[in-house]
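Residue numbers (this note's numbering), protein chains in the order written: chain C, 1 to 102; chain W, 1 to 171; chain R, 1 to 343.
Simulated from the structure, these hints should not be mistaken for laboratory data. Here a beta-carbon is modelled for each residue, glycine too, at the ideal position from N, C-alpha and C. Each hint should be verified, as a subset may be incorrect.
Claimed, not checked - Mimicking DMTMM-like on lysine to aspartate or glutamate, the simulated pairs with C-alpha atoms at most 20 Å apart in a straight line are:
no., chain 1, residue 1, chain 2, residue 2
1, R, K273, R, E186
2, R, K13, R, D102
3, W, K90, C, D95
4, W, K167, R, D313
5, R, K145, R, E226
6, R, K62, R, E32
7, W, K168, R, D313
8, R, K145, R, E32
9, W, K167, C, E74
10, R, K13, R, D116
11, W, K90, C, E96
12, R, K273, R, D102
13, W, K93, C, E96
14, W, K93, C, D95
Stated by the list, open to error - Coverage of chain R stretches by chain W, computed from C-beta distances (three or more under 8 Å per stretch; other residues unrestricted):
no., stretch
15, 25-36
16, 119-131
17, 158-164
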Amino acid sequence: MNSIPIEYYLILSAFMFTVGVTGVLIRRNAIVIFMCVELMLNSANLTMVAFSSYLGQSAGQIFVFFVMTVAAAEAAVGLAIIIAIFRNKLTVNIDEINIFKW
Amino acid sequence: MNLELIIFIVLALTGAISAVGMITRPNPVISALFLIFNFFALAGLYLLLNAQFISIVQIIVYAGAIMVLFLFVIMLLRTGEEPKLFSEKKHIKYFAIVIAVLVFVQLGYLIFYEAPSEYISQRVQQSMEAGTIENIGQQLYTTYMIPFEAAGFLLLAATIGALVLAKKNFE
Amino acid sequence: MNIWEIIIITVIKIGAILTIMLLTVSYLVYFERRISAWIQSRLGPNRVGWEGILQPFADVFKLLLKEDISPVAANKFIHGLAPFIAVFVAFSTYAVIPIGPDVTIFGYSIQLVVADVNIGVLYVLALTSLGVYGLTFAGWSSGSKYSLLGGIRSSAQMISYEVSMGFSVGGVLLMAGSLSPIAIVEAQYGWMWNAIVQPIGFITFTVAAFAETNRLPFDLPEAEPELVGGYHTEYSSMKFAGFFLAEYANMIIAAGMIVTLYLGGWQVPYIDKLGLGEIVTALMQVGSFFVKMGAILFFFIWVRWSIPRFRYDQLMNLGWKVMFPLSLINIVWVAALIMIFNL
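With the hints as extra help, turn the sequences into a complete structure.
Listed below in structure tokens is the structure:
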């Protein structure tokens, strides 16, 4: 079977990573920025799974497993921080969260 | 055009379009919906890469837990739509475009300069064995025992941290 | 067996399962109404056909003829998409639940399951965790306070109970040493039913299944006295029927999973020792699967009319402070059993 070259996966992953970076820069809603970070983590996961599969080793997939653990922990803590900010400032727009103390 | 390539193109297009959709929709709930589509496309790509365990975990953890949590918070805070897609500040817009182009060009240059496909070709049989749940479980509890325990500890710390942060008046 | 025969057999299996599911769903509604009437000493629907036996069809026609409304404040696209998510998730789960042993028909050996996936249990967990999107999006897109509250409640409830559900399944997986539903059923040979070996896990899984299917006493997402109809307040006609269908299909799947994981699936204890023919044995085993499932479904209905609805904080406390520790204890219990008896 004529399988597809690994570059296809890598380019897709690079594209998704770039979209994630752009999202973090242009969006102003803290929750959406968080989702863009998740997108970047996922694009890195895709690269690791692709290499793991093409090299025939499971190390890359185990790394992805740990990345998912970290992503879950990050989502829990990050969303808790956003809720705490919202409680104080009544907004999650990062342009309005611009002072150290309130 | 073989079947694998067709499936790849469909999934890759879904993933790419939903990623773009996610950052361009002003409404955070729609953004979350697009991100869920993106995760599904990724789960499909993982299946194509013979990583069946990672594929199903992707759906359980990302689509089933993390995104539900995100939706819960979005709906709880009722943040509403962002008034403009690009903020009024022009320089942020130009800065974002420059950074994005730079990152993409750099990644693309790396990929094509290294050209990994010249010395890596897909090893179907080995990758089938590598992606099974038996193999991953075996590795996690032997070779990667300490990282695995550390990950568990990290989750415990995150749980306690989230509780402390989200509680109204924590005494 | 060449590829075309496999495809044809799979298509027949999918068709059979879908037909059985749709018929069971419509008659489950009828039986629920009759049984609840019986529990409350009333008559229940008994006019359409003999003893109301054609009531489901009358209900479907009534729903079809209703006007399809979507509110002005609604997000039209997602409002229409949500019921499809619910129905799709509910019906695709059934592919991995085995209803009987391998049988030989016309010289073909056929497994009585649509897809023998070797990570079948994870597949079911993944799909049930997606079912929440139908409810959450429905609640959000309706543009109504009550619906939004219902959607938020359903997402919080599902996440909380999924944890104890996953851990209860862990005990079953330890006993069987496999994630394939067929292997799990075969590991419960004789009286080694998981409900008997690990009763705590059975209880936590059943409670979690009640919460995941939004059945009373955990139907907080639609709690009609407080939230009118919760997430489906703004739905009518076929879109409402979609949610209705999905809810009852989810009940059937929950019953099927309870039977498969804890009540020995299609096994009848020691039936192979009786020396009956292969066809008779297989028929009795398939029959036993449906009898067990019917008993669980009756239990679902019985509980609905016996236990009042929980308050929301009670629901969360029960999930995190009672069910979660119990399911952990269950895993330790199963691990100890395996260590002592070398199972």
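Structure-based check of each hint:
Among the hinted pairs, K273/R with E186/R is consistent with the structure: their alpha-carbon atoms are about 16 Å apart, no more than 20 Å. Only pairs whose Cα atoms come within 20 Å are accepted, and K13/R paired with D102/R is accepted, the gap being roughly 13 Å. Proximity of K90/W to D95/C is assessed by CA-CA distance (about 14 Å); at most 20 Å being required, the pair is judged to hold. Note on K167/W and D313/R: the hinted pairing holds, with a Cα-Cα distance of about 15 Å set against a maximum of 20 Å.
Of the pairs offered as hints, the one joining K145/R and E226/R holds, with about 11 Å between alpha carbons and a cut-off of 20 Å not exceeded. Between K62/R and E32/R, the direct Cα distance comes to roughly 19 Å. Compliance with the 20 Å bound is thereby established for this hinted pair. A hinted pair counts as satisfied when its Cα atoms are at most 20 Å apart, and K168/W with D313/R qualifies at roughly 16 Å. With a C-alpha separation of about 30 Å, the suggested pairing of K145/R with E32/R is violated against the 20 Å cut-off.
A C-alpha spacing of about 17 Å is found between K167/W and E74/C, which places the hinted pair at or below 20 Å, so the restraint holds. In summary, the hint linking K13/R to D116/R is supported, as the alpha carbons are separated by about 12 Å, within the 20 Å threshold. Proposed proximity of K90/W and E96/C is supported: the alpha carbons are some 18 Å apart, at most 20 Å. About 18 Å separates the Cα atoms of K273/R and D102/R, which keeps this hinted pair within 20 Å; it holds.
For the proposed pair K93/W and E96/C, the alpha carbon gap of about 18 Å is at most 20 Å, so the pair holds. For the hint pairing K93/W with D95/C, the CA-to-CA distance comes to about 14 Å; that is within 20 Å, so the pair holds. With a threshold of 8 Å between beta carbons, the proposed coverage of the stretch 25-36 of chain R by chain W is violated, since 0 of its residues qualify and at least three are required. Here's how the stretch 119-131 of chain R fares: 7 of its residues keep a CB closer than 8 Å to some CB of chain W, so the rule of at least three is met and the hint holds.
Counting residues of the stretch 158-164 of chain R whose CB lies closer than 8 Å to any CB of chain W gives 3, which reaches the minimum of 3, so the coverage claim holds.
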